[in-house]
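J.: Place chain B on chain A using the hints.
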Amino acid sequence: MSVEHHGQFLHSSLAGGLRGRAWRAGRPDMAECSSWQPPRPCEAYRAEWNLCRSARHFLHHYYVHGERPACEQWRRDLASCRDWEERRSAEAQRSLCESERARVQAARKHILVWALRQSPPADWHLPLPQEKDE
Amino acid sequence: MAGAPDVGGPGPAAGEQLQQQHVSCQVFPKRLAQGNPQQGFLSSFFTSNQKCQLRLLRTLETNPYVKLLLDAMKHSGCAVNKDRHFSCEDCNGNVSGGFDASTSQIVLCQNNIRNQAHMNRVVTHELIHAFDHCRAHVDWFTNLRHLACSEVRAANLSGDCSLVNEIFRFHFGLKQHHQTCVRDRATLSILAVRNISKEVAKNAVDEVFESCFNDYEPFGRIPHNKTYARYAHRDFQNRDRYYSNI
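Chains as they are written, first to last, in this note's numbering: chain A, 178 to 311; chain B, 91 to 336.
The shape of chain A in the complex, shown without the other chains:
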């Protein structure tokens, strides 16, 4: 039985996203890259914040986790997104990146029970056994 950290795809994606950028004091200087945009459209942050604050979500979250949901980070991210759209604020960009990386890390912190494939199963597209016989 083999296990694998969930971060395999994440690390390659992160590396791909940060490649070629100038580094400063151990942190990527993303403000110098003019093609950066918020990871999600600002409407998505608003939608997530609204969903998080809804009574229905409170019920779902309590039913699953036994505690109330925390929605403050979505509000902060929405504010950062708007700030960046209006003023191209470097602080807003940094804050958004930090927040989303934290979300990704939180989602990937558990060790997988199985090993991930490098390619799909070879027989996925093969015809069914009786069709092959025909």
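Please note that the accuracy of each hint is not assured.
Taking CB as the label site, the calculated pair distances span [as the list claims (entries may be wrong)]:
1. A:Arg259 <-> B:Lys316: 26 to 32 Å
2. B:Asp229 <-> A:Ser212: 40 to 46 Å
3. B:Asn201 <-> A:Ala256: 50 to 56 Å
4. B:Leu264 <-> A:Glu275: 19 to 25 Å
5. A:Arg233 <-> B:Thr270: 48 to 54 Å
To be clear, the hints were calculated from the coordinates, so they are not data collected in a lab.
Heads up, the beta-carbon is just placed ideally off N, CA and C, and yes, glycines get one too.
T.: Only chain B this time, still in chain A's reference frame:
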């Protein structure tokens, strides 16, 4: 109005131990029938096979859970073909469906799927198994932890354990009841396809629960209803922008 437990385990395969084969072939009798041609459509409507096919088509075209799973599988190199990867069959017992890893096919129990909502949930459940089969080396037949993990994920992410469904089963509970339901239904699903004791099945679920309950792929969250599933699909479609900007 108790819902029939969905079977998420694989069907029998060559080389599988006799005990396991015995259990699986009792549930999916046609999976082992040699030279048994697939039932064609009957000339009249409202046969169970016809209903199954029509409901399946509607699920594949409209359900946001399923559309996300289909996109994710296509992205992983396992594009799903309705005629190749789905089969509507009569099943024994109370099961609603299964994933046969030996043929890469999802079995839908046409005699046990009650309505469109049930079909939506069964297809979602089985596609989660298919997705796991596609993206990971899941040893369905000899590694009980792998089977348990996929069953935990399927129970967690398919809507099997929604508050409404649990109430319909007369299982009343609120605080963290979802997790209890996931453990119980994963255990039931394992027992439906493995000739092992309830204790052994439960231990396997307990061992993998922490990891597998928190593995939300490809949804990125627990989709409590179609709104969450649509948001998850939106995020999946946005993933290139997302990962290139964090």
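J.: Give a verdict on every hint.
T.: Here's how the hints hold up against the structure:
no. : hint                              : result
1   : A:Arg259 <-> B:Lys316: 26 to 32 Å : holds, 28 Å
2   : B:Asp229 <-> A:Ser212: 40 to 46 Å : holds, 43 Å
3   : B:Asn201 <-> A:Ala256: 50 to 56 Å : holds, 54 Å
4   : B:Leu264 <-> A:Glu275: 19 to 25 Å : violated, 34 Å
5   : A:Arg233 <-> B:Thr270: 48 to 54 Å : violated, 21 Å
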